[in-house]
Amino acid sequence: MTCNRTDITQQLPDLLAGNLRGEEAGRLREHLETCSFCAEEYRVLSRLAALEVPEPKAGFFDGLPGKVTRDIREEKTVSRARFRLPAIELNWKVGLAAASLAAAALLVFLLPKTEPVLVQKPDDNVPLISVAMGFETNILTESDYKISDVSDALEFEVELTEDDLMEITGAFLFGGIEYMDMDADALLLFEEELGSIPQRS
Amino acid sequence: MEWEKERELTKRAKKGDEGAFEDLVRAHQRKLYNYIYRLCENHDDAAEITQKAFVKAYFSLGNFRGDSLFRTWLFRIALNTFRNHVRDEGRRKHQTLDGLDPPAQEKTFSMMVQKEERKKLAEAVQTLPERQREAVVLRVHEEYSFNEVAGIMGCSVGAAKASYHQGVKKLKESIRGDE
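Top to bottom, those sequences are chains A and B. First residue of the first sequence? That's 1 in my numbering, and the numbers climb one at a time after it. First residue of the second sequence? That's 1 in my numbering, and the numbers climb one at a time after it.
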């Protein structure tokens, strides 16, 4: 038993939510009377929609805005601290990595901000960016995702080891970051962070 | 919340007004919590993810251009937070549905039947692969259009529709098996 009327099945949630009116709703209801496949789907969706979320622990919603504000303040303090990173010893590998990273960032900066920067990934074996920089790997590792919130991705947890730096630089230069769409604020932060790397010696 | 008021609050929050952001949290917290709860069926996780998502949203406000609703934008951040949470904590594999109960309540027969029904359905939803679950919850519970679902999930409209249809198909099979 099946039905190939995807125009109907796709609208069943709208019918259920009462978002369809008049002729449109009538057309769907008429179909449901004659199609057992769609009628069953509608029943399942109805049961699903009726599932209520249990009330959370008492006081949860009253306390949440305050907790969020507290976390924001803490995060601001931590962020300030993060930008005063302990010096790491520069050697030729770190220098090379920092220079490459700066070059890659300059490339990102020079391209128009409205257009995503596309870095082709040469093959599937290139290691993807590490979490050390706060990148959300699930965004970066799935080809159908773009980074929509760069500040989400760039949290600047840059307590970088040499290996981290090499990995990040490699990801920039040789693939791994497939799309990068930075807005001006995120770019500025990123540049600041890059600028801080050579000063750590 | 009215669109104008929300826009004003967003604008103030962008400038660092914590009070304005708290108002935004108040306006959206229940919707967001319910959404995350449906994805994970666990209060503690839903509470933690909701809180984290709001904090992330605050620090991402600079990227909010207002070309989508604040709620839609917030849901996208929350979904990423949820996905990271699942990945980082590995909690999905270990969680049970035992934590479903609302706070202590009178256990009448009809409530027990409802609870059983809820548990079965919730279990069926939880057995769906992540993307399918996300698409079903966004479409059925949150009443988003497929375009919006795709925007929140970060995939194409076609992929969102496919995930939704696969999810509903599995739910039908699962519920049919129970009857």
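It should be emphasised that the hints constitute simulated quantities derived from the structure, not laboratory data. From the three backbone atoms N, C-alpha and C, an ideal C-beta is built for every residue, glycine too. Treat the hints loosely; a few may be bogus.
In the BS3-like style, the derived pairs of lysine-lysine whose C-alpha atoms are separated by at most 27 Å in a straight line are [unchecked claim]: (1) Lys76(A) x Lys15(B); (2) Lys67(A) x Lys11(B); (3) Lys52(B) x Lys15(B).
Covered stretches of chain B, going by a simulated chain A footprint (3 or more residues, C-beta under 8 Å) [to be verified]: (4) 4–13; (5) 37–45; (6) 53–63; (7) 134–144.
Here is how each hint holds up against the structure:
Pair hint Lys76(A) plus Lys15(B) holds up; C-alpha atoms about 14 Å apart against a cutoff of 27 Å. At most 27 Å may separate the alpha-carbon atoms for a hinted pair to count; Lys67(A) and Lys11(B) meet this at roughly 21 Å. Annotation: proposed proximity of Lys52(B) to Lys15(B) holds, straight-line Cα distance about 20 Å (limit 27 Å). Counting residues of the region 4–13 of chain B whose beta-carbon sits less than 8 Å from any beta-carbon of chain A gives 0, not enough to reach three: the coverage restraint is violated.
Using a Cβ-Cβ cut-off of 8 Å, 3 residues of the region 37–45 of chain B lie near chain A, which meets the minimum of three, so the contact claim holds. For a cut-off of 8 Å, the count of residues in the region 53–63 of chain B with a CB near a CB of chain A stands at 8, and the three-residue condition holds. Counting residues of the region 134–144 of chain B whose CB lies closer than 8 Å to any CB of chain A gives 5, which reaches the minimum of 3, so the coverage claim holds.
Checked against the numbered hints given earlier, this structure breaks only hint 4.
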